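Participant: Respectively, the protein sequence lines represent chains Y and C.
In this text, residue positions in the first sequence follow the working numbering: the first is 13, and each later residue adds one.
In this text, residue positions in the second sequence follow the working numbering: the first is 963, and each later residue adds one.
Honestly, the hints are just simulated from the structure, not real lab data.
All values derive from a computational prediction rather than experimental measurement.
A couple of the hints might just be wrong.
Among the chain C residues that face chain Y by a calculated CB cut under 8 Å, a handful are [as the list claims (entries may be wrong)]:
hint	residue
1	ARG1021
2	ILE1066
3	ARG1165
Glycine included, C-beta positions come from ideal geometry on N, C-alpha and C.
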Amino acid sequence: MARVVVDVMPKPEILDPQGKAVTGALARLGFAGMSVRQGKRFELEVEGEVTEERLAEVRRAAETLLANTVIETFDVRVEPAPASAAEDTDAEVSDAEDSGAEDSGAEDSGAEDNGAEDNGAEDNGAEDNTAAENVAESAEEAELTAQAG
Amino acid sequence: MSPKIGVVTFPGSLDDQDAVRAIRLCGGEPVSLWHGSDDLDGVDAVILPGGFSYGDYLRCGAISRFAPVMAEVIKSADAGMPVLGICNGFQILCEAHLLPGALIRNDVRVFVCKDQDLQVESADTTWTSDFTRGQMITLVLKNGEGGYVADEDTLRRLEDEGRVIFRYVNGNPNGSFHDIAGICNERGNVVGLMPHPEHNVDRLTGPTQDGRAFFSSVFDFLTAKV
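If we strip away everything but chain Y, and leave its shape as in the complex, we get:
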């Protein structure tokens, strides 16, 4: 089981009223010099190995339903699943998959800027890995509770 993340953002030329509202609220709260664009993040738990074919399928899913490519761009990347994130070796392997996903993802977004953002996201991902151990248990509990409910 692997986690594939699809990030969807409004195209730069499309007005983002939600981001504008958040930008205004941040300024009012004293967080100066922050301009926000608001998008969506989808986390897909994908069964089996994440092959190139599987990623291509995710991209098709993103193009078909998750994003409206008239007004939005999307970016697909692989993230280590919470359960397998405990060991460093796993995390490294997943990182390698990440960069693979970026290469192939580039043709979709066609934006190098997005790629740069991804690199930043990987750094955050490393932090996530260490935190993931702690979170994993409570996440499982939450799932069980949800199923019971």
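Since the structure of chain Y is already known, use the hints to place chain C on it.
Facilitator: Then chain C, alone, in the frame of chain Y:
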């Protein structure tokens, strides 16, 4: 025999009953269609009504566009059946790629509900033949995501081919590109607009009766065809 006009009800549709009532008041035979059905019950035309189908989850119209009934609507529209999308119905038609472009949140960031002045830009569609080009009309407008957007090429094509059929006048209420309130497909049988013709068919409940011409237009078309 009066023409049979289908009105699709999705989970979260709001104005389906108003559309049914408007069809009846204007002399047609309304047929209620269910989103989960894959049969159009032999109707002559279809209206996708306003509302918040599927709670506007993901994007307005994004999930409804894949409802079973839509496969039939798309097939019939491609074959020339008149299809009218009102408000959420317009959003669904764009998501289904029966019409180009998309509708995004109003630039004013609030839900707009008002009597909206419009200019008729084209009477060359199945749903607007009873208007005259340049006519000024007023219809109820009520939406949170009515800003029409499309890329430059698409906008140019719409303008060049006379497919912008209604434009907002006396102020653009939502940031729509080119003040666009409604458009049609190449053939003119598929029309989408944000304002609500079905709320403007009698004196008691609407500011005008300008919505009636939509129904008389399609009735004329269907009668002539028979």
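Participant: Look at each hint and say if it fits the structure.
Facilitator: Status of each hint after checking the structure:
{"no.": "1", "hint": "ARG1021", "verdict": "6 Å, holds"}
{"no.": "2", "hint": "ILE1066", "verdict": "6 Å, holds"}
{"no.": "3", "hint": "ARG1165", "verdict": "36 Å, violated"}
In summary, the structure is inconsistent with hint 3 from the numbered list given earlier, while agreeing with all the others.
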